[in-house]
Amino acid sequence: MVVAANAAAQNAGIRRGQQVSAALALAPDVRLHERDREAEADALAEIATLALAFTPQASLAPPAAIVAEVGASARLFGGVPRLLEHLAQQVQARGYHVRSTIAPTPTAAWLLACAGVAAPAAGATRPTAPVITTAVTTIAVTTLAQLPAALDALPLALLDLDANALATLNAAGVTTLGAARRLPRAALARRAGTVLVDVLDRAFGVASDPREPYRPPPRFERRLPLPATVETVDALGFAVNRLLHDLSGWLAARGLGAMRLTLTLVHERHLRERGLAPTSVAFAFGAPARAPAHLNAVLRERLARIELPAAVDALVLVSDETAPLAGRSLGLLPDDVRSPESASDAAAVPLVERLRSRLSDDAVVVLETCAEHRPEYAMRMIGAASIAPARAPVSDAPVPPRPLWLLDAMRPLRADIEAKPWVLRDGPERIESGWWDGRDLRRDYFVAESPHGETVWIYRDHRYGTDDGEWFMHGLFA
Amino acid sequence: MNPALTEALAHPAIWRGGDCAPEPAAVATGFDALDAVLPGGGWPRAALTEIVLEREGIGEIMLTLPALARLQVEGSLVVWIAPPYRPYAPALAAAGLDLARFVVVRDVDERDALWACEQALRAPECGAAFIWTSTHDERALRRLQVAAREGRSWSVVWRRPGRQASAATAPLRLALAPHEGQLAVRVLKRRGAELPHPVLLDLRREQRASLHSLSDHHKRPKPSSHHAVGLPVPAVARARCLRAQRRR
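Residue numbers (the numbering used here), protein chains in the order written: chain A, 1 to 478; chain B, 1 to 248.
These are calculated hints, taken from the structure and not from any lab test.
Don't take every hint at face value.
Short, incomplete list of chain A residues facing chain B, as computed with Cβ under 7 angstroms [claimed, not checked]:
1) Leu359
2) Val399
3) Asp408
4) Met410
5) Arg411
Since the structure is predicted, the reported quantities are computational estimates derived from the model, not experimental observations.
The beta-carbon is built from N, C-alpha and C at its ideal position, and this holds for glycine as well.
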């Protein structure tokens, strides 16, 4: 049976509810696609995640609707119409058509939205496919008092009723919600079942209508098949951007920031069958990041440096590690209220992230002192994670002189000393330590001045027990 | 000078031969003698500075440390790109630098180093970027100059001894050399009149102030973490000449 038809098919006369054979008879060259319920459920979940960026309370109303409570977030986004406009824009950007309605109760909103379907043939069941319309919002019911006026004219066929019950009511002349509402409750419940009475109560606000809020999955994993195979990395930009927007919405919904991501580039099927593994690119962030602009900048830099072994067919983005990231709190005064999207997108990518994404992770380092007597082990260079904002406490203990530059390889000085005398300015400082890990040393350190005028840190190596060891240069007092 | 004359000479249309160009923002170097000769009274914030070294280990980094510390206190990051040796963290910490706001970029080739420097200069959170490079590519240095101007960062291009200095893209160029125990700073180029005589700075006084000498160290009662094993220590750290000793 035909469930949905595009404009060209409808022009040829194909309608929803027809048999496939009838459709083929009307237009022999029509292209048929199998209905994929799983993909529809995934798409609905995706849209629900988008809605979660605007409101904490969004529920699925399968097969094709999302019910979201927007009253609480209306003020933040500058009013309900603007909120709906933003949401509709984002959903349409993903290729879906959307129709939205506003009502005081969830069931009423859903009914009104469903009623906007292009009028089905008489006797058809309620719509099961996404509606095709261009209007964003046409119906807005703001108070409970307006509900009867809006809902009364809707046909009973919209509700998911038992076929017998529906036939009974139709035979009795009750075809609209308004007519059903005016019937005595007990009699209606007996004839048509409690489901109808329940739905009417919930739609008109007589009974409460709690909805199960949609919770995004604990791990983000999205596969984006590309419309055409892509040969170069530059052309992947648009697809990567879209995946990152989805990731950003999921992170916002769960209040997290990404710490590690993996982007897998899946190559064409015939190459996969021949054993070519998909290319995986891993990204690590110093601090949890959520803004799409930030994620995009880092990913683009890294992607620009990899070479594609073959053309890419699909992209898969998986979040490996996330960490809680609090949202930004806005001020109470009117001047402080800004649109949240602009605030999050305007976050500048920190310098360290940018450097790390293009150069290797080891190239950008932060220094750290260690509690060690041996000079070469008294400091560590660690990959720059997030820069700690607090200043490390400086101990008051007196510090012996230490050079600003340390040589990685000690330079033997015998020849230099024999050529011209060096002047010792400070010392000796005996450092004898490290017997426990085999790198023990016994040295006398001096601050010396070379004949050329440089101030250097030299030592005499007494490792072999005698007291007249060799002289080496270890650092420069720059 | 006659106050009336001073007032008259302060007219903006009068330029005096010894004047330097007004520098919009400058970081005080911490050395008064050097501040007096630099335009703006300190290191230029929005332009490139080139420092040519005759020797290493003469106090060249110590010259810049007070300004770096001041920038870190303001909250900016300090980035060193491709330093010739390892920056020794205990010494930097003792000299007053905040290691949490100090980033080193190392093990990168020339092109990546210049790219990193440009990124650092443009970033608003970075206050100063030092790069040790031997490139003479005028275009690359021009890009750094533009990046420094747009990011309002203090940048220094260090020229190590033995390398030829580039021909004059940077508006401020200094040459450092040792001179009888002091640091002689020759201003090769600045936005102002030429300076024939070098500025002599006694950095050892600063060194002794921040890192104190070992003889004072031994006079105090030893704290438990002190590591010196007993060795006869001269009461006063006299300068001793070190000659090659004949082996027994």
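Hints versus structure:
The interface hint given for A/Leu359 holds, since its Cβ lies 6 angstroms from the closest Cβ of chain B, which is under the 7 angstroms cut-off. Because the smallest distance between the Cβ of A/Val399 and any Cβ of chain B comes to about 5 angstroms, under 7 angstroms, the interface hint for this residue holds. Here the hint on A/Asp408 is kept, as its CB sits about 6 angstroms from the closest CB of chain B, short of 7 angstroms. Taken as an interface hint, A/Met410 does not check out: its beta carbon lies about 12 angstroms from the nearest beta carbon of chain B, beyond 7 angstroms.
Interface restraint check for A/Arg411: the shortest CB-CB distance to chain B comes to about 11 angstroms, outside 7 angstroms, so the restraint is violated.
The structure fails to meet hints 4 and 5 from the earlier list, while all remaining hints are met.
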